[in-house]
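Chains as they are written, first to last, in this note's numbering: chain A, 1 to 209; chain B, 1 to 211.
Please keep in mind that the hints were generated in silico from the structure rather than gathered at the bench. For every residue, glycine included, the Cβ atom is placed at its ideal position computed from N, Cα and C. One thing to keep in mind: the hints can contain errors.
Sample of chain B residues at the chain A side, in silico, Cβ under 10 Å [as the list claims (entries may be wrong)]:
{"#": "1", "residue": "G10"}
{"#": "2", "residue": "L79"}
{"#": "3", "residue": "L137"}
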Amino acid sequence: MRRQFPLALCFIAGLFMAVQYFIPHPTVQDMYERLLIWLQTLLAFAFLLGTVSLVRLHYHKIRHRADDRGYSWVTLLALCLMIGLGFFHSAHHAQGSPFDKMFQNVQVPIEATMFSLLAFYVASAAFRAFRARTLESTLLLVAACIVMLGRVPIGDMIHSSIPAATRWILEVPNLAAKRGIMIGVGLGMMATSLKIILGIERAWMGGGD
Amino acid sequence: MGTIIWTTIGAILTLSVYSFLYKDNPFYKFAEHLVVGISAGYYLVIYYFNFIQPNVVAPVFQLRFGDEVIELGSSMWWLALIPGLLGLLLYTRFFPKIGWIGRWSLGIYVGGYAGLGLSPIMQARVLNQIGANALPLTSITNVFLIVGLIGTLTYFFFSMKHKGVLGALARVGIVFLMVGFGASFGYTVMSRVSLLIGRVGFLLQDWLHLI
């Protein structure tokens, strides 16, 4: 019951979702749509579960007077503020609402800045790549330099053929490599999906009985 | 006035994150923890109003008490209870003795999405890609594409030792892969730098009005 029943549910749900593409009967399609809604709803509940875990983690830190408990207060208060603005402000989704303003002026700037930080770290990674002396790393570096130069006006000013070389790299060797990777990833995903449906892959059940 | 305050908040948070370039510090940690709380709250509200409210709360409660509405069909309101109950079962993991019940919901979720993905993955990631690369050998470009794809796939074929023809093809695959990774690397650098330009532009233009 503890392990076999979830495996049976997994098999039935997986098999139904896999074969419904080939059965265009209204009843099957109605069941498919209903199951899809269930899956989406489960995703929302799972996200809620993650939020509960986050709250428990920070509550634990505050309760046990951890050194950095001040930051836990920041996280919890920010979470409560957003929930309050979202649930108790009637037009939370409207543009310009306090909920939207918090998103646009706090979340968006911090996330964009965190991603832009990578520009500095990518530069240091490029520096390390410059020092590598193998054929492979040289190819990588030359391709990267041509692509970067070909996408900005200075590339054309240095030499008129750089934009064309960029296009060729993107449309020929890059495309061939990406297709190979995509086919490999696709086959891997299918194999993993089949293993999950057939109960060979059971890591999702976690440990224990 | 409100705009100035919000812009200043955004600017201070931007500078707080950039302070990490010097070293880890309280300003960065504050911004880091703040964004975790804000984004968790944001997505919680979005998920609730996009999925839980229309699919569980509205059908069950509104129809149950005779109100008008919904898409699921009035005589089938009880079907909306199922995703709600399955969702609640996920929370049994907080109680070790009955935590295994949560696997029922997980089983449906994992199996459902595994099955849902099978055909589209086969179509989009495998068949379409092979079809797009099945080109006539009438130009150098086509030859490059075909040899590059075969070489790349050979490089990831581990059932035989890479020796002889297989080794040569795998070597060709490495060359194509490295050029591909280089192109991706270049694109990543460009996107990060454009984000950096955007943030600096925000500080100098929107906040300080210097440019």
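TODO: Hold the hint about L137/B up to the distance rule: shortest CB distance to chain A must be less than 10 Å.
DONE: Violated, about 14 Å.
- [ ] Return the status of the interface hint for L79/B: holds when the least beta-carbon distance to chain A is below 10 Å, violated otherwise.
- [x] With a minimum Cβ separation of about 7 Å from chain A (threshold 10 Å), the hint on L79/B holds.
Task: G10/B as an interface hint toward chain A, with CB separation required under 10 Å - done: At about 4 Å, which falls below the 10 Å cut-off, the nearest Cβ of chain A leaves the hint on G10/B intact, so it holds.
Checked against the numbered hints given earlier, the structure breaks only hint 3 and satisfies all the rest.
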